[in-house]
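Make the full structure from the sequences, and use the hints.
There are 2 protein chains.
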Amino acid sequence: MKKITAISYSSSANLGSGFDTLALAHDAFHDKITLRMQENSGPLEINMFHDGIQTDPLKNTASYAFMKMAEDLDIKGKFSISVEKGVPEGLGLGSSGASAAGSVVAANRLLDLGLSLDKLTHYAMLGEGASSGSPHADNVAASIFGGVVFVKSTNPMKVLSLNSSSANGVMLIIPKIKIHGKTKLARSMVPEMVHMDNVISNSRLMSMLVLGLTDGDRSLLREGMNDNIVETSRLSLFPFYPEVKDICLQENAIGASISGAGPSIILLMDRETNVENIKLRVKPLMKERGIDADFVQCSIARGVTMYEE
Amino acid sequence: MKKITAISYSSSANLGSGFDTLALAHDAFHDKITLRMQENSGPLEINMFHDGIQTDPLKNTASYAFMKMAEDLDIKGKFSISVEKGVPEGLGLGSSGASAAGSVVAANRLLDLGLSLDKLTHYAMLGEGASSGSPHADNVAASIFGGVVFVKSTNPMKVLSLNSSSANGVMLIIPKIKIHGKTKLARSMVPEMVHMDNVISNSRLMSMLVLGLTDGDRSLLREGMNDNIVETSRLSLFPFYPEVKDICLQENAIGASISGAGPSIILLMDRETNVENIKLRVKPLMKERGIDADFVQCSIARGVTMYEE
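Chains as they are written, first to last, in the numbering used here: chain H, 1 to 309; chain X, 1001 to 1309.
A portion of the hints provided could be inaccurate.
Stated by the list, open to error - Cut-off 20 Å, straight-line C-alpha distance, at most; resulting in silico cross-link-like pairs (EDC-like, lysine to aspartate or glutamate): (1) K32(H) to E89(H); (2) K279(H) to D246(H); (3) K1085(X) to D1027(X); (4) K158(H) to D1292(X); (5) K3(H) to E84(H); (6) K3(H) to E308(H); (7) K1287(X) to E1272(X); (8) K2(H) to D112(H); (9) K78(H) to D56(H); (10) K1287(X) to D1246(X); (11) K158(H) to E1276(X); (12) K1158(X) to E89(H); (13) K1158(X) to D215(H); (14) K184(H) to D1197(X); (15) K1158(X) to D112(H); (16) K32(H) to E71(H); (17) K158(H) to D1197(X); (18) K1059(X) to D1027(X); (19) K76(H) to D51(H); (20) K158(H) to D1217(X); (21) K1076(X) to D1056(X); (22) K68(H) to D27(H); (23) K119(H) to D74(H); (24) K1184(X) to D56(H); (25) K1119(X) to E1071(X); (26) K1158(X) to E223(H); (27) K1176(X) to D1292(X); (28) K1068(X) to E1045(X).
I should point out that these hints are in silico values taken from the structure, not numbers from a laboratory.
A quick note: this is a predicted structure, and the numbers were derived from the prediction, not measured.
What follows is the structure in structure tokens.
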């Protein structure tokens, strides 16, 4: 019986102005995805285990992504996928994406398929569609490629790896709240039409962000992590955000934005950032709103890594 | 009598996806702007000469920009401004911007004002407003700073000089057609509201363009010089453009876009570009439409330069 285990990291999409385009992988959390080939012929059969409990393979992004890949490539046989969930769900940390990413990268290795990372991102995105309703590639690309990714297009899938020159630290502020159906809800809040003035300003912000990510310019990063379309439209989901962001910037975080569809917040930090003050000031502010928050310091993560047992 | 003469270059705004943000100065054409101080006190009086002919100072961007600056800074006295026009007008080559840029930079030197280039861009933009109806900063910033500029914001004015790493050549394809009230007309054709899908794709394109401009990546430049909002909406002004662009890309231009509000087309080129084939194929195509076109090879220009006589 062949078997591969993959470690797939959490990620933060958008980073302010980069809606559906930019994402950063971080080593705050990871999923452990084990793919076993039990039979190498016969009709496709997938058994899915989530933290040891068997679940519907159509409802888990790891198995759903692998199924889409198997259908497309005419892969036969009996497989089991087992996910040890490390990335918390429903907090905007790329949890469903991490599982899908790990599964397709493991399959590529196990079955010696030789697929490009772009192609793997394509299949992982289809898997993501199972959970979010609308497939998007940013989180899965970050988990697969590692570092900071820029989704150039999704059809065909083309991902650019940004050589993030800055050795910035990352902090996640994770409010412990669950919003039912959050990802779909958050998507539905994005406006369908945008005023041209905001189009120009968003294009400017994202360009500054991308420049800042590649050359490490602090002020470009800080400005580029702002957004006036998507975050603004979703503000009712995380009303604490403007105040928390203000504190982070006052305490010299490089920049701060909502992580994916929220409610978590991602900060980029360096030596000038007063991390302790951020914790001291943000914690009581969240408490007043009846929200407990975790603060997780971490680093930019590499892509999916694998080992054979 | 004190006197300064400034050389101010032509420019191409937008470069595809960078509407109202990106512009490139080129040495294809230049204006020569001479500012004389005839009296250094008394009420402000400006005499404006365009190619030797006295004209209304309210209707020329050089004098209008200087007037706005003088009002704001309480500059007194009697001045004359004389523009020898080198940049052809109405062709999307930053003609009105070049005059405004030269005039304020000359005034800064003549009166020893010590203003920043951002501040000078602000006044030059106000001058531009006299001709286009809606002030925009891209062309004036390119003429003032030289090279490739990125307008981060106009209020307050903040311009980023992009260190264009590539020593790319530039070619302008200039159709000899005049469209009455073109700049205003072109502005009125830009949609007020844009679909979110196009917002995402434009932000992506502009980010790729900015990355390409700074690191010289050919494929990023080529993609980033595309646009699906502004150029598309103005296509009836230059119906020949899609076909001409196709030829340019087939002949390995790095990228091609409408220059500013058109009708000129700007190409970025390198050694792989077959310039002669572009001319051979585009000329007859324009002829069929009854349009004569000039082809001007040039380089990226420096900012306004001055000499005292």
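Consistency of the hints with the structure:
1. K32(H) to E89(H): The hint holds at about 14 Å.
2. K279(H) to D246(H): Between K279(H) and D246(H) the Cα gap is close to 13 Å, so the pair holds against 20 Å.
3. K1085(X) to D1027(X): The given pair, whose Cα atoms are some 14 Å apart, holds under the 20 Å limit.
4. K158(H) to D1292(X): Answer violated: K158(H) to D1292(X) is near 40 Å, above 20 Å.
5. K3(H) to E84(H): holds, 15 Å
6. K3(H) to E308(H): holds, 7 Å
7. K1287(X) to E1272(X): violated, 26 Å
8. K2(H) to D112(H): holds, 12 Å
9. K78(H) to D56(H): Measuring from Cα to Cα gives roughly 15 Å; hence the hint holds.
10. K1287(X) to D1246(X): Status holds; Cα separation ~17 Å.
11. K158(H) to E1276(X): violated, 33 Å
12. K1158(X) to E89(H): violated, 41 Å
13. K1158(X) to D215(H): holds, 19 Å
14. K184(H) to D1197(X): holds, 17 Å
15. K1158(X) to D112(H): Not satisfied, since the Cα-Cα distance of roughly 52 Å exceeds 20 Å.
16. K32(H) to E71(H): Answer violated: K32(H) to E71(H) is near 24 Å, above 20 Å.
17. K158(H) to D1197(X): holds, 17 Å
18. K1059(X) to D1027(X): Given that 20 Å is the threshold and the Cα spacing comes to 26 Å, the pair is violated.
19. K76(H) to D51(H): violated, 25 Å
20. K158(H) to D1217(X): holds, 16 Å
21. K1076(X) to D1056(X): Distance of about 19 Å is within 20 Å: holds.
22. K68(H) to D27(H): This hinted pair is violated, its Cα atoms lying about 27 Å apart.
23. K119(H) to D74(H): Within the cut-off at roughly 15 Å; holds.
24. K1184(X) to D56(H): violated, 60 Å
25. K1119(X) to E1071(X): holds, 14 Å
26. K1158(X) to E223(H): Roughly 12 Å separates the two Cα atoms, so the pair holds.
27. K1176(X) to D1292(X): holds, 6 Å
28. K1068(X) to E1045(X): holds, 12 Å
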